[in-house]
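J.: Listed below, chain by chain, are the residues.
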Amino acid sequence: MEYVAGLAGLEVGDDGKKELAGQLSRILDYVEQLNRLDVSDIGPAPPVVAGGKNVLRDDRVAARTGSSEAGKTVGLFRVPKVITER
Amino acid sequence: MNLKGITAEKLVALYRNRDLSVTEVISGLFDDIERIDPNVRAFITLMRDRALKDARSLDARIASGDTIEPFAGVPVAVKDNISIRDVATTCGSRMLESDVAPYTATAVERLRGAGAIVVGKTNLDEFGMGSSTENSAFFVTRNPHDLDRVPGGSSGGSAASVASGMSLAALGSDTGGSIRQPASFCGVVGLKPTYGRVSRYGLVAFASSMDQIGPLSKSVREAAMALAVISGLDHYDSTSSGARIGDYVRGLDRPIKETRIGIPKEYFAGNLDPEVRRKIESAIGLFEGLGCAIEEISLPHTEYAIATYYIIAAAEASSNLARYDGVRYGLSETGRNPGEMYRRTRMSGFGTEVRRRILLGTYALSAGYYDAYYNRALKVRTLVLRDFQKAFEGVDAILTPTTPTTAFRIGEKTADPLEMYLSDVFTITCNLAGLPGISVPCGWNSTGLPVGMQLLANHFQEGLLLRLAHYFEKAGGFTL
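Read top to bottom, the protein sequences are chains A and B.
Under numbering that gives the first Met the number 0, residues 0 to 85 are what the first sequence spells out, in order.
Under numbering that gives the first Met the number 0, residues 0 to 479 are what the second sequence spells out, in order.
Calculated directly from the structure, the hints in this document are not laboratory data.
Please note that the accuracy of each hint is not assured.
Claimed, not checked - FRET-style restraints, in silico, Cβ to Cβ: (1) B/Ser26 / A/Gly21: 46 to 56 Å; (2) B/Tyr369 / A/Gly12: 19 to 29 Å; (3) B/Ser297 / A/Ser24: 29 to 39 Å.
Here a beta-carbon is modelled for each residue, glycine too, at the ideal position from N, C-alpha and C.
Model the full structure from these sequences, guided by the hints.
T.: The structure is reproduced here in structure tokens:
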């Protein structure tokens, strides 16, 4: 569980660890029922979008309000340092 | 001004004839909200100033003789995972508590373009993860019919606001039943459109292959009106569809005689509450009386749907929520290195259910387990989809209960997450298959709690669903 938490960018504190482990294994036990089905000849579900295709727009510059505008109003974003020395 | 007993169409007609001004209605509505919401707690953010400003400019337009739009001056509420520019979009999470949206969701843009006035942002289970609105990081919303019970979830605030007359319609989002289940618990209409029918631009992502925005309203007609406005292609959402938008409102009165309605036997086995069963059985009788052909059908993979859904939804959520890293959005905790900063931010920003699902999803996607869990779930999803494809060769629509029980008590299911997941049994197949579904009130149980009936149809058959629901509503008279 600690390994998975690490992958997920989470921590598992000692507090409530047992409870969480119990809940997750109950859910995984429940999910086990999927093994009763033979899916060897079945493909993964296609995207349920109409026609199974993405709807793409033309690659043209267009005016829009939104995130680019947010950058304009505040000038710059200040973010925490995410580069470390080795 | 009491919104009970008034419809959107009636309200717009009153404005048009200048029997009422928009400003007096909206200002009276906020008085109602002040009185009702301290008990129900449907809203995270109220938008009084902006709503009154919109109301005044609409009044000026009406006074100058402008023609007004179908939703002109109609008060609507918006679930707080749908963005409105310059307003906080919290998703019911500490992570985004102070995050202000830089743009407006397409569905909201379109509703406002049709004249609707947004009165506020409604409470939800954090990031849409829950079935009771108890997973909101801020407070629990209560069912207006019984304040000791949950309103359902995750769009519980939207459902409660409509049911208690604090808005005439609302937007919600539905990933596994989050519009239909609270609609059922609160006695209102809730429509989950076909995946792709409504743009998701501006909806904060939970499980992207299933998320869909849709309306909640008191009557079917308002749901039809809202769907007609919010549907359609949007170049900001590559999964939105350009499929023809039906004339949902005028189509309501087209004949339904000889429509074939399937009753899936798997939805009537197991833990279905006997009172809910009786209401659904009389709903079936009512459709027979309206000249529909009723047929028993089978959707054999129904029993696998919850397991399939919780793997796929958790996997997608674990990926979607990776973006909350303390750098790009909302909350940011400090740490001695980036890894510690991510972990601290995510530990203080996410509630327990969200963390549980991220862990489950990360596990299902991790090396060595991907095939056993995620890939297998995707294959079973194919089987669920095929069940429906086969069923729709023989029937036009499918009728089921929306939920196995009526609204449960606050706290009743919080100790056991699996128990809570199981309450979504009838609503999640629709999301796995990308189908449209609607929940319509079909009566009350012996303690006065609403019971909901669900109708499902093939992709893009919202017109048929709304029509069936409309006939049922007229014949049954179960509207609040």
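J.: Compare the structure with each hint and give your call.
T.: Hints, verified against the model:
{"no.": "1", "hint": "B/Ser26 / A/Gly21: 46 to 56 Å", "result": "holds, 52 Å"}
{"no.": "2", "hint": "B/Tyr369 / A/Gly12: 19 to 29 Å", "result": "holds, 27 Å"}
{"no.": "3", "hint": "B/Ser297 / A/Ser24: 29 to 39 Å", "result": "holds, 32 Å"}
When each numbered hint is compared with the structure, no violation occurs for any of them.
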